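J.: Based on the provided sequences and hints, a complete structural model is requested.
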Amino acid sequence: MGLAKRIIPCLDVDNGRVVKGVQFVDIRDAGDPVEVAKRYNEQGADEITFLDITASSDDRETTVHMVEAIASQVFIPLTVGGGIRTCEDIRRMLNAGADKVGINTAAVFNPEFVREAAQRFGSQCIVVAIDAKKVSAQGEPDKWEIFTHGGRKPTGLDAVEWAKKMVEYGAGEILLTSMDRDGTKNGFDLGVTRAISEAVHVPVIASGGVGNLDHLVDGVIEGKADAVLAASIFHFGEYSIQEAKQRMTDAGIEMRL
Amino acid sequence: MSNKSTGDMKKSTVAVIDYGMGNLHSVAKALEHVADENTSVIVTSDPAVIDAADRVLLPGVGAIRDCIGEMYNAGLVPSIRKAMAEKPFLAICVGIQSLMSHSEENGGVDCLNHFQGNALFFGEKHTDHDGSKLKVPHMGWNQVKHTINHPLWADIPDNARFYFVHSFYVVPENKSEVAGTCDYGLEFCVALARDNVFAVQFHPEKSHKDGLQLYKNFLHWDGKP
Chain L
1 MGLAKRIIPC LDVDNGRVVK GVQFVDIRDA GDPVEVAKRY NEQGADEITF
51 LDITASSDDR ETTVHMVEAI ASQVFIPLTV GGGIRTCEDI RRMLNAGADK
101 VGINTAAVFN PEFVREAAQR FGSQCIVVAI DAKKVSAQGE PDKWEIFTHG
151 GRKPTGLDAV EWAKKMVEYG AGEILLTSMD RDGTKNGFDL GVTRAISEAV
201 HVPVIASGGV GNLDHLVDGV IEGKADAVLA ASIFHFGEYS IQEAKQRMTD
251 AGIEMRL
Chain W
1 MSNKSTGDMK KSTVAVIDYG MGNLHSVAKA LEHVADENTS VIVTSDPAVI
51 DAADRVLLPG VGAIRDCIGE MYNAGLVPSI RKAMAEKPFL AICVGIQSLM
101 SHSEENGGVD CLNHFQGNAL FFGEKHTDHD GSKLKVPHMG WNQVKHTINH
151 PLWADIPDNA RFYFVHSFYV VPENKSEVAG TCDYGLEFCV ALARDNVFAV
201 QFHPEKSHKD GLQLYKNFLH WDGKP
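Going line by line, the protein sequences match chains L and W.
All residue numbers for the first sequence refer to our numbering, where the first residue is 1 and numbers rise by one.
All residue numbers for the second sequence refer to our numbering, where the first residue is 1 and numbers rise by one.
These aren't lab readings, by the way, just hints derived from the structure by calculation.
Quantities reported herein were computed from a predicted structural model and do not represent experimental measurements.
A virtual CB, placed ideally from N, CA and C, is assigned to each residue, including glycine.
Among the hints, a few may not be true.
[Claimed, not checked] Label pairs and their computed distance ranges (CB to CB):
| hint | chain 1 | residue 1 | chain 2 | residue 2 | range |
| --- | --- | --- | --- | --- | --- |
| 1 | L | Lys185 | W | Ser132 | 28 to 34 Å |
| 2 | W | Ala48 | L | Arg85 | 38 to 44 Å |
| 3 | W | Pro225 | L | Leu257 | 27 to 33 Å |
| 4 | W | Glu104 | L | Arg120 | 28 to 34 Å |
| 5 | W | Ser176 | L | Arg91 | 37 to 43 Å |
| 6 | W | Asp222 | L | Arg91 | 34 to 40 Å |
| 7 | W | Gly123 | L | Lys185 | 36 to 42 Å |
| 8 | L | Asn110 | W | Asn73 | 29 to 35 Å |
| 9 | L | Gln119 | W | Gly123 | 20 to 26 Å |
T.: See below:
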């Protein structure tokens, strides 16, 4: 009896379609975002994350309309990320029906933005997304660094220290993506997940690398994640959300069934 | 979203109070989703509209000092008190905290004192019964135990899960006003009921079918316990 761990399907949306890139290239079409969101809602998803990966700002208006359409029909929490750079961006997404926004690169270039956003909108709706890569060599103590631009640009920032700083600045939740694992289907980077989850007092969502249901179990039990995020294993019908929840329940994890 | 009736049919109105604290889209959409054709959902910051509404919903997000401050600045407190005195009234999330006497948040804030008692912080070192670390905010789906029978619990199973996101919890002085509880390191009050006023800590508009059922129950509630 208590708080359930969460399963969060993620919609990576490019030009109005759900896509899933392997290591952010090789993009596959997975359908209309509103339809996909409704399907996951019916399957019992605990939240939905909508990640706008559209490059051009012309398409931001499309995103706003899609968020509105999803929020009008799907009554579970909705996080919107991608291209959130100003308080005005946040206000637009919240007004469109998002419950939380994900801030990624903008936080790296301007940490004060996180503080300002948390003060203005409340920590409960500020998710700081962290893209981390392991940079320690084998045999060295584990070390992970923050990368931007889809994992291409190193920042010199230590991932665990960065997560602690972001929580201090007002992040209400951390969405942690392992850039080494994203799209590989080899499972989460459990080391960085656990290190960050134990270092901060806010919930941590593990992301990047889920290839089967045991990976979700590992993310919670070994990675100490409060929620697990996955995309392709659900998009292409390999597993349903119910199957994932059942497997996690069988492993002794408290879930909302 | 208009309260103008068409023909002779009198429309029932539910006012969602907008005091400038962010997104009311989800609340309004969820109410509209369960409302019949004779019910209008009006998001409003106009005291006259609140006074004229058949039922009133007080949402709340963000920090308590801003919430209470905006309610006073917008001149809404008399209408909120009037509504709580006479018609079906539902408060959610920070809304429940704003109805208490006092909150620990923001260094201490006096609230509307409809329910006697305080809103307390879980603490950054909150732990479970076995001593293990618990995350704060309390974010996600937790089970709500009904401690009384109430029309707003109709067709909602006991221990159904609702979506929470909060760092403060209410501790009412009068335990007979507790309508529901939840366990997160401690058992705490997540629903309060007195006469025509009901208040919940969770977000029905984010709680899938059981949340929608609670809104449906609210739209059909005559305000009697």
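J.: Should the hint that L/Asn110 and W/Asn73 are 29 to 35 Å apart at their CB atoms be regarded as holding?
T.: Holds - the Cβ-Cβ distance for L/Asn110 and W/Asn73, about 30 Å, lies within 29 to 35 Å.
J.: Starting from the range 36 to 42 Å, see whether the pair W/Gly123 and L/Lys185 falls in it by beta-carbon distance.
T.: holds, 39 Å
J.: The hint says 34 to 40 Å between W/Asp222 and L/Arg91; measuring C-beta to C-beta, is that right?
T.: holds, 38 Å
J.: Cβ-Cβ distance between W/Pro225 and L/Leu257: within 27 to 33 Å?
T.: holds, 31 Å
J.: Given the hint of 28 to 34 Å, check if W/Glu104 and L/Arg120 actually sit that far apart at their C-beta atoms.
T.: violated, 22 Å
J.: Given the hint of 38 to 44 Å, check if W/Ala48 and L/Arg85 actually sit that far apart at their C-beta atoms.
T.: Because 40 Å falls inside the window, the suggested range holds.
J.: Between the beta carbons of W/Ser176 and L/Arg91, is the distance compatible with 37 to 43 Å?
T.: holds, 42 Å
J.: For L/Gln119 and W/Gly123, compare the CB-CB distance with the range 20 to 26 Å and indicate the outcome.
T.: holds, 21 Å
J.: Does 28 to 34 Å hold as the CB distance between L/Lys185 and W/Ser132, or does it fail?
T.: Given about 31 Å between the Cβ atoms, the range holds.
Figure legend: structure checked against the earlier numbered hints; the only hint not met is number 4.
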